[in-house]
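**Student:** As a plain string of letters, each chain reads:
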Amino acid sequence: RKEVEQDPGPFNVPEGATVAFNCTYSNSASQSFFWYRQDCRKEPKLLMSVYSSGNEDGRFTAQLNRASQYISLLIRDSKLSDSATYLCVVNKLGGSQGNLIFGKGTKLSVKP
Amino acid sequence: GAVVSQHPSRVICKSGTSVKIECRSLDFQATTMFWYRQFPKQSLMLMATSNEGSKATYEQGVEKDKFLINHASLTLSTLTVTSAHPEDSSFYICSVVQRSYNEQFFGPGTRLTVL
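Note that the protein sequences, when read in sequence, are chains Z and Y.
For the first sequence, the numbering used here assigns the number 1 to the initial residue and increments by one for each residue that follows.
For the second sequence, the numbering used here assigns the number 1001 to the initial residue and increments by one for each residue that follows.
Since no wrong hints were added, every one of them can be taken at face value.
Result set (DSS-like, lysine-lysine): computed pairs, CA atoms no more than 25 angstroms apart in a straight line:
{"#": "1", "chain 1": "Z", "residue 1": "LYS107", "chain 2": "Y", "residue 2": "LYS1041"}
{"#": "2", "chain 1": "Y", "residue 1": "LYS1041", "chain 2": "Z", "residue 2": "LYS104"}
{"#": "3", "chain 1": "Y", "residue 1": "LYS1041", "chain 2": "Z", "residue 2": "LYS111"}
{"#": "4", "chain 1": "Y", "residue 1": "LYS1041", "chain 2": "Z", "residue 2": "LYS2"}
{"#": "5", "chain 1": "Y", "residue 1": "LYS1014", "chain 2": "Y", "residue 2": "LYS1041"}
Hints are computed from structural coordinates only; laboratory data are not their basis.
Work the whole structure out from these sequences, hints included.
**Tutor:** In structure tokens:
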């Protein structure tokens, strides 16, 4: 099983749609979880951290299910500018801040 | 503004040459910086952890003699790809951690193409 697994997509949705991304991770002892956004040929940028209780930031909602080792990201009212690749990121067991494991990413394309 | 800078942003070189990539932390001192690489359609993979004033820590499968890391100051780490070959062509990204924000900031990346 891959350490962090995501559906690669692409997800092609119209503006205004709601879209959900899923991610599973293999290390049950992982402590920190994140969603990053990466635009084409650019560096990844932190979108949001994911907390056990779930958290929301504007149109974005992240959920964590430790029992199932599952993380999700929900985007409501999609904008054209949301088009990017979304990376699910988990820290290594006992790892420092730098020991992050990245998923391959899920590509989102929002169309007019 | 940018927190981390990288130079060069893009480099094309012949097989067998060495390429040096610089990573600078602009906003704060960084005792630790990280080097990643990303092949097309693949995930970012941590190559090594660069420690100021000491030897870098390499991830399994990464050749330390091929990827030389020097972290000579609190704001600068360099990665040198020695005797580069076409299979080394990749997107190399460095990052620093702002511990008070618990966030890792990435540089803009260096796209290396070895002919």
